[in-house]
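Chains A and B supply the protein sequences, listed in that same order.
Going by this note's numbering, the first residue of the first sequence is number 73, and it counts up by one from there.
Going by this note's numbering, the first residue of the second sequence is number 208, and it counts up by one from there.
There's no promise every hint is true.
Cβ-Cβ distance ranges computed for the label pairs, FRET-style [unchecked claim]:
hint	chain 1	residue 1	chain 2	residue 2	range
1	A	84	B	249	19 to 25 Å
2	A	143	B	322	38 to 44 Å
3	B	261	A	83	24 to 30 Å
4	A	136	B	248	20 to 26 Å
5	A	144	B	222	46 to 52 Å
6	B	271	A	87	30 to 36 Å
Straight-line Cα separation of at most 25 Å, BS3-like style, residue types lysine-lysine; simulated pairs [claimed, not checked]:
hint	chain 1	residue 1	chain 2	residue 2
7	A	75	B	249
8	A	174	B	273
9	B	248	A	174
For the record, the hints were derived by calculation from the structure and aren't laboratory data.
These numbers were taken from a predicted model, which means no experiment stands behind them.
All C-beta atoms in this analysis are idealised placements derived from N, C-alpha and C, irrespective of residue type, glycine included.
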Amino acid sequence: AQKITQTQPGMFVQEKEAVTLDCTYDTSDPSYGLFWYKQPSSGEMIFLIYQGSYDQQNATEGRYSLNFQKARKSANLVISASQLGDSAMYFCAMRGFQGAQKLVFGQGTRLTINP
Amino acid sequence: GAVVSQHPSRVICKSGTSVKIECRSLDFQATTMFWYRQFPKKSLMLMATSNEGSKATYEQGVEKDKFLINHASLTLSTLTVTSAHPEDSSFYICSARSRTSGIITNTQYFGPGTRLTVL
Chain A
73 AQKITQTQPG
83 MFVQEKEAVT
93 LDCTYDTSDP
103 SYGLFWYKQP
113 SSGEMIFLIY
123 QGSYDQQNAT
133 EGRYSLNFQK
143 ARKSANLVIS
153 ASQLGDSAMY
163 FCAMRGFQGA
173 QKLVFGQGTR
183 LTINP
Chain B
208 GAVVSQHPSR
218 VICKSGTSVK
228 IECRSLDFQA
238 TTMFWYRQFP
248 KKSLMLMATS
258 NEGSKATYEQ
268 GVEKDKFLIN
278 HASLTLSTLT
288 VTSAHPEDSS
298 FYICSARSRT
308 SGIITNTQYF
318 GPGTRLTVL
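The following block holds chain A by itself, in its conformation from the complex:
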């Protein structure tokens, strides 16, 4: 079974500061993928970044980077130079590459950027 844990129900950050959203996971699959999605108030799920378990380097996509520490089973999302438009719910998710390959989500973190 797979499990994703996001321990921060809410985060408040000043505009232009960097923010780290925590995510830890547990799985018995030898290979897996980790994802971060952003969900604004409109409800759509926006894909932000992907990290494969065998990728040697941490993934980066513009202002988003994924701090992947495999031994600690953590996949924290780092948003640099936060903007007001970054205010949203953020979900960490993982998918094992064996069996049913279902995408499992964490509880989510509500990020609020203050001006």
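Please build the complex by placing chain B on the supplied structure of chain A, with the hints as guidance.
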């Protein structure tokens, strides 16, 4: 990125009626589609997985006769909520994944969601 559309975006119906929600992958072939349900301020709960041309696989606790899923083509999946009741009111989100090579392979792209309200 890949685009997934969902229709309708919002629906209000009377108790006892059936509601069909469509999910389309617009610029890729979705060999697998997923249906999620999300309650307010909660995470996404996977309801079922559907592969094109085969029966959907439902998660434990999800009534397959209540939530009918059809994945008739590589670009379309439908979820029908039969005999809807107020407790079925929720935000339903579909997601699609391709088996072809490239970045789409490992990523699930989500539709914009459908907010169902049953009176």
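Hint check:
{"no.": "1", "hint": "A:84 / B:249: 19 to 25 Å", "result": "holds (21 Å)"}
{"no.": "2", "hint": "A:143 / B:322: 38 to 44 Å", "result": "holds (41 Å)"}
{"no.": "3", "hint": "B:261 / A:83: 24 to 30 Å", "result": "violated (42 Å)"}
{"no.": "4", "hint": "A:136 / B:248: 20 to 26 Å", "result": "holds (24 Å)"}
{"no.": "5", "hint": "A:144 / B:222: 46 to 52 Å", "result": "holds (49 Å)"}
{"no.": "6", "hint": "B:271 / A:87: 30 to 36 Å", "result": "violated (47 Å)"}
{"no.": "7", "hint": "A:75 / B:249", "result": "holds (16 Å)"}
{"no.": "8", "hint": "A:174 / B:273", "result": "holds (22 Å)"}
{"no.": "9", "hint": "B:248 / A:174", "result": "holds (22 Å)"}
Violated hints for the displayed structure, listed by number in ascending order: 3, 6.
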